[in-house]
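**Q** Given next are the chains, with one letter for each unit.
There are 6 protein chains.
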Amino acid sequence: MPVITIDIGILDKEKKAGLVRELTAKASEVTQIPAEKFIVLINEMERDNIGVGGKLLSEIL
Amino acid sequence: MPVITIDIGILDKEKKAGLVRELTAKASEVTQIPAEKFIVLINEMERDNIGVGGKLLSEIL
Amino acid sequence: MPVITIDIGILDKEKKAGLVRELTAKASEVTQIPAEKFIVLINEMERDNIGVGGKLLSEIL
Amino acid sequence: MPVITIDIGILDKEKKAGLVRELTAKASEVTQIPAEKFIVLINEMERDNIGVGGKLLSEIL
Amino acid sequence: MPVITIDIGILDKEKKAGLVRELTAKASEVTQIPAEKFIVLINEMERDNIGVGGKLLSEIL
Amino acid sequence: MPVITIDIGILDKEKKAGLVRELTAKASEVTQIPAEKFIVLINEMERDNIGVGGKLLSEIL
Chain E
941 MPVITIDIGI LDKEKKAGLV RELTAKASEV TQIPAEKFIV LINEMERDNI
991 GVGGKLLSEI L
Chain X
941 MPVITIDIGI LDKEKKAGLV RELTAKASEV TQIPAEKFIV LINEMERDNI
991 GVGGKLLSEI L
Chain H
941 MPVITIDIGI LDKEKKAGLV RELTAKASEV TQIPAEKFIV LINEMERDNI
991 GVGGKLLSEI L
Chain B
941 MPVITIDIGI LDKEKKAGLV RELTAKASEV TQIPAEKFIV LINEMERDNI
991 GVGGKLLSEI L
Chain W
941 MPVITIDIGI LDKEKKAGLV RELTAKASEV TQIPAEKFIV LINEMERDNI
991 GVGGKLLSEI L
Chain G
941 MPVITIDIGI LDKEKKAGLV RELTAKASEV TQIPAEKFIV LINEMERDNI
991 GVGGKLLSEI L
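In the order they appear, the protein sequences are chains E, X, H, B, W and G.
Take 941 as the starting number for the first sequence in our numbering and just add one per residue.
Take 941 as the starting number for the second sequence in our numbering and just add one per residue.
Take 941 as the starting number for the third sequence in our numbering and just add one per residue.
Take 941 as the starting number for the fourth sequence in our numbering and just add one per residue.
Take 941 as the starting number for the fifth sequence in our numbering and just add one per residue.
Take 941 as the starting number for the sixth sequence in our numbering and just add one per residue.
Accuracy of the hints is not assured; some may be wrong.
As the list claims (entries may be wrong) - Residues from chain E that face chain X, not an exhaustive set, calculated with beta carbons under 7 angstroms: (1) Lys953; (2) Lys956; (3) Ala957; (4) Arg961; (5) Thr964; (6) Ala975; (7) Ile979; (8) Val980.
The set of hints was computed from the structure by calculation and includes no laboratory data.
From the three backbone atoms N, C-alpha and C, an ideal C-beta is built for every residue, glycine too.
Let the hints inform the model, and build the full structure from the sequences given.
**A** Now the structure itself:
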């Protein structure tokens, strides 16, 4: 059941697979909940859709 | 006010309309809150962005 | 995998069970995804934590 | 740390920058938390993915 | 329809009312969407439930 | 900026600190984004508020 949602910039497939694999393994290890129970949702967002400190990330990076 | 958010794979318009119609009707029936108060948000996600049991859904299905 | 999240006021256990049962059944029927794949998360919120049209729900209801 | 997430229709860049700037400034003012601590996430959604009162927004507007 | 969700620490009622009022007004002004269409959800979180840079907020503040 | 949100059952403080530490470290390692940029939000939920396969978790576990 646990659901891990990540709001982040655009990633390539390799990094997405890495996040799913590693975050599931660590979360399972810490919580003692079996890995197969975990769901990971990756919300990729454009830099125009992310604000930090009042500015669009596209205007900062 | 109630907000129903669905994180799910890619759907065609007919299924999206069906989810909005049916989930709103059932949630209204169960909670006795009028249907017009409900908002439904459908977050469609690619299989590369969904992890189950530590693997990308695109590597499972 | 599909995750249905409901942001709503405080509910009794019977209504929560009803929402889980009915929304899962309808979503499965509409999407043709097996019911056992669905996760439902109910975020109960106090009326002081919900705003509609610029006012706290506790000041409206 | 505070995270402000907005689920909304499609917006142009100017409106997104305006939302990030104004919501961060007001939230900082109300909560007395420094503006640079705030993150804003804008989830743009197609009208086919938004339901109001049991109907797709694309069938209402 | 727009939904503004704020994940933040524990607030008193006055600040919650201020956030709902001010964020709704500003978001309406920027997007030209009428204020009464906006929903604001305030997710109050304990400092033990918030992590920044790998540490619990309760261990930082 | 990346925000990691975990929807999960009730946890003790030690497990929450472990999740924040480990998930931040792994996510930083995989994405090459500095650890201090990451925010982790832990949404603890009662078993009456979680549904799996159409049933409340409190009726399954």
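**Q** Are the hints correct? Go through all of them and say.
**A** Quick rundown of the hints versus the structure:
Given the 7 angstroms rule on beta carbons, the hint for E/Lys953 holds: about 5 angstroms separates it from the nearest Cβ of chain X. Checking E/Lys956 against chain X: minimum C-beta separation of about 6 angstroms stays under 7 angstroms; hint holds. Checking E/Ala957 against chain X: minimum C-beta separation of about 5 angstroms stays under 7 angstroms; hint holds. Hint on E/Arg961 holds. Least Cβ distance to chain X is approximately 5 angstroms, under the 7 angstroms limit.
Here the hint on E/Thr964 is kept, as its CB sits about 4 angstroms from the closest CB of chain X, short of 7 angstroms. A least Cβ separation of about 5 angstroms between E/Ala975 and chain X falls short of the 7 angstroms threshold, and the interface hint therefore holds. This hint holds: E/Ile979 has a C-beta 6 angstroms from the nearest C-beta of chain X, less than the 7 angstroms allowed. This hint holds: E/Val980 has a C-beta 3 angstroms from the nearest C-beta of chain X, less than the 7 angstroms allowed.
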